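*Asks:* In order, the protein sequences belong to chains A and B. Per our numbering, the very first residue in the first sequence carries number 1; after that it's consecutive. Per our numbering, the very first residue in the second sequence carries number 1; after that it's consecutive.
Source of the hints: derived by calculation from the structure; they are not laboratory data. Quick caveat: nothing in here was measured; it's all calculated off a predicted structure. Ideal Cβ positions, reconstructed from N, Cα and C, are used throughout, including at glycine. Some hints here could point you the wrong way.
[Stated by the list, open to error] Here are some chain A residues the structure puts well away from chain B; computed CB gaps all over 12 Å:
(1) L5
(2) A11
(3) L12
(4) N16
(5) N39
(6) P43
(7) Q44
(8) S46
(9) K47
(10) H53
(11) S59
(12) R73
[Unchecked claim] Examples of chain A residues toward chain B, derived with CB under 7 Å:
(13) F9
(14) Q10
(15) V31
(16) A35
(17) A70
[Said to hold, decoys possible] Short, incomplete list of chain B residues facing chain A, as computed with Cβ under 10 Å:
(18) S7
(19) E26
(20) L38
(21) K47
(22) R50
(23) E54
(24) I62
(25) F76
(26) D80
(27) I86
One-letter residues, chain by chain:
Number of protein chains: 2
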Amino acid sequence: MEEQLVSLFQALADPNRLRIIDLLREQEWTVGAMARQLNMSQPQTSKHLRILHEAGLVSVTIDANRRRYALNRQAFQAMDAWRTYIERETSRLDRLEAFLEESHREENLE
Amino acid sequence: MEEQLVSLFQALADPNRLRIIDLLREQEWTVGAMARQLNMSQPQTSKHLRILHEAGLVSVTIDANRRRYALNRQAFQAMDAWRTYIERETSRLDRLEAFLEESHREENLE
DNA sequence: TTGGAATATTCCAAACAAGGAATATTGTTA
DNA sequence: TAACAATATTCCTTGTTTGGAATATTCCAA
Chain A
1 MEEQLVSLFQ ALADPNRLRI IDLLREQEWT VGAMARQLNM SQPQTSKHLR
51 ILHEAGLVSV TIDANRRRYA LNRQAFQAMD AWRTYIERET SRLDRLEAFL
101 EESHREENLE
Chain B
1 MEEQLVSLFQ ALADPNRLRI IDLLREQEWT VGAMARQLNM SQPQTSKHLR
51 ILHEAGLVSV TIDANRRRYA LNRQAFQAMD AWRTYIERET SRLDRLEAFL
101 EESHREENLE
């Protein structure tokens, strides 16, 4: 899960790939159409799509010698789960305990 | 917003930084304590914290010659908003229209 | 079966990121 | 003020990522 998250974030950490995802939000696209729309070279577009595909973010449908790429919204599940996990916080009581303990024993801060 | 998102994802695209965030989920930590807990060198820990700080993910409280780092949950807002935006999809009707139009004019696929 | 269109892959150079080691900075305390 | 503790920064090396250019692959059509 850890590793999957990292590669997910890695795949999202590029402006051009975010633009691709933005396009795919509404409909499927072929590589050439995206390249023209985003003003990117075809090879670069293919390479970015490869990364998105490896991260599970897009799926491909082979259609003659074209490939129709689609956004795979399931891929965001890992992110959403992590997001929820991060939102969790221990209770105030736990935090108070931790603070007191720390003041005495300096276990964390020493 | 685009740029902010990229640097946010970039900051999250590292296993050690995810571990730091995981720690900060529950309480504040000083640099040395984190380094020991995560078995990382102090300089590396500081460097990762710098990146997290620049992405707005953590805040610092200077406390004598220690710095207490805390998770800044607000930073996730940009991600959440984008997430919601991505979840949006045009209506089936729009998609049908797009499909028909495309079949005729090949505007996207040509 | 040859030509062309769509896409992927490879190679290369430049930019970038990460970790280790050493050093600088700042604050505290004796 | 001198020594020390906590943290940040710099320098260096190595591995990774990006984009461009060229090339390979696959499929369709004539």
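*Asks:* Hint compliance check: list the failing hint numbers for this structure, sorted ascending.
*Replies:* 1, 2, 3, 4, 12, 15, 16, 17, 20, 21, 22, 23, 24
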